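Residue-level listing of the chains:
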Amino acid sequence: MMLFSEARGLPVLTLTEAEEVGALKSLTVDAVSGVVTHVRVRGHHSRKETVLAWGALHAIGPDAVLVRTTAEPAEVPPHHELPGLRILTETGEALGTVQDVAFEPGTGRVEAVVTAHGDLPADRLLGLGDYALVVRAA
Amino acid sequence: MNELLAARSLTTLPVVTLGGDAVAQIKDTVFDAAAGRITGFTLSGRGLLSGPLKQSLPWSAVHALGPYAVMVRDALALEDTSAVVARREAQRGRVLHAKVLTDEGAEVGTVLDVIVESGTSGRVVGFRIAAGKALVQGSRRRRHRVYVPRGETVAVSGRALVIPADATRFVADDLPAFVARVGAFRAGREGTAP
Numbered sequence: 001m002m003l004f005s006e007a008r009g010l011p012v013l014t015l016t017e018a019e020e021v022g023a024l025k026s027l028t029v030d031a032v033s034g035v036v037t038h039v040r041v042r043g044h045h046s047r048k049e050t051v052l053a054w055g056a057l058h059a060i061g062p063d064a065v066l067v068r069t070t071a072e073p074a075e076v077p078p079h080h081e082l083p084g085l086r087i088l089t090e091t092g093e094a095l096g097t098v099q100d101v102a103f104e105p106g107t108g109r110v111e112a113v114v115t116a117h118g119d120l121p122a123d124r125l126l127g128l129g130d131y132a133l134v135v136r137a138a
Numbered sequence: 139m140n141e142l143l144a145a146r147s148l149t150t151l152p153v154v155t156l157g158g159d160a161v162a163q164i165k166d167t168v169f170d171a172a173a174g175r176i177t178g179f180t181l182s183g184r185g186l187l188s189g190p191l192k193q194s195l196p197w198s199a200v201h202a203l204g205p206y207a208v209m210v211r212d213a214l215a216l217e218d219t220s221a222v223v224a225r226r227e228a229q230r231g232r233v234l235h236a237k238v239l240t241d242e243g244a245e246v247g248t249v250l251d252v253i254v255e256s257g258t259s260g261r262v263v264g265f266r267i268a269a270g271k272a273l274v275q276g277s278r279r280r281r282h283r284v285y286v287p288r289g290e291t292v293a294v295s296g297r298a299l300v301i302p303a304d305a306t307r308f309v310a311d312d313l314p315a316f317v318a319r320v321g322a323f324r325a326g327r328e329g330t331a332p
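Protein sequences, first through last, are from chains D and C. Position one of the first sequence corresponds to residue 1 (this note's numbering), numbered consecutively onward. Position one of the second sequence corresponds to residue 139 (this note's numbering), numbered consecutively onward.
Keep in mind that the hints were calculated from the coordinates and are not lab data.
Residues of chain D clear of chain C, computed beta-carbon distances all greater than 12 angstroms:
| no. | residue |
| --- | --- |
| 1 | Ala18 |
| 2 | Ser26 |
| 3 | Val76 |
Between beta-carbon pairs, the in silico distance windows are:
| no. | chain 1 | residue 1 | chain 2 | residue 2 | range |
| --- | --- | --- | --- | --- | --- |
| 4 | C | Thr258 | D | Val32 | 21 to 27 angstroms |
| 5 | D | Glu75 | C | Pro205 | 34 to 40 angstroms |
| 6 | C | Thr150 | D | Glu17 | 50 to 56 angstroms |
| 7 | D | Thr107 | C | Asp212 | 27 to 33 angstroms |
| 8 | D | Gly96 | C | Ala244 | 46 to 52 angstroms |
| 9 | D | Ser5 | C | Lys237 | 54 to 60 angstroms |
| 10 | D | Val32 | C | Ala298 | 48 to 54 angstroms |
| 11 | D | Gly84 | C | His235 | 41 to 47 angstroms |
| 12 | D | Asp130 | C | Ser198 | 22 to 28 angstroms |
| 13 | D | Asp123 | C | Asp212 | 17 to 23 angstroms |
| 14 | C | Arg327 | D | Asp119 | 41 to 47 angstroms |
| 15 | D | His117 | C | Pro314 | 18 to 24 angstroms |
These figures come from a predicted structure and were not determined experimentally. Even for Gly, the Cβ is constructed at its ideal location relative to N, Cα and C.
Using the sequences and the hints, build the whole thing.
Now the structure itself:
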């Protein structure tokens, strides 16, 4: 298990050339299926942001991320930054904000959303948009 | 029992889809002619400079009403305003500033706000009123604002609202106390029913 806060900032290297592409900036989550679908990488010098599909990653380790290819996927879904986003239940109650996200680095499966009121299991996630993360009422 | 909300406090509440996007915010709450239920909401755009929207939100499209947001399934829930608010209907359902009379003919005050239940019912449970002398004894200079439960039988016109006389025995000074009174009022009514 790994946290978004631990993954952020890790150096991203290509598997074949060991060339450093940049640093991991953020992870894009699909709330309906509960998996990380894309990662965003910021270049060291160019400051250009590259989007990589989860399938392009070889491994996320404790010290680095290894990628097979740096080719951008054809279709990139809108990115909603999870940490800091407000959480609403489907009944319109507020549950604070997202503090961190725990995920499985092998599969990209989201395990829990960490909030000030405790952890929310991934099966409670309903939708993720520009305003809020919507979860099932307990 | 669901949480109680004042209808005026719903204004500026965001309308959020289950997908997490805010599509509009509440401008006004529209009640049915008997002021017993919410029939829908008129909307304005989100943000400081956006004006009223042409679209409105019918109650049938509301997934749930909460204290922090009105949840809808998706943005397709919004409809043309004319479908939600037939103009005459809205006029008749207007209860703010209406006189409150008991069915015994005593005037108890004027309506300041409408109290609705959160969740999926959209039911009006009571009114916040500026109490007249008949209802609350005490200093004439102090203006009392109290909550009265809505009876099951109530008549409403644009000018006045008639509540059962026994509802005035269940007034409360604040919303938390009112929650308990509404429960007691309902229990009492069910107990006396044949």
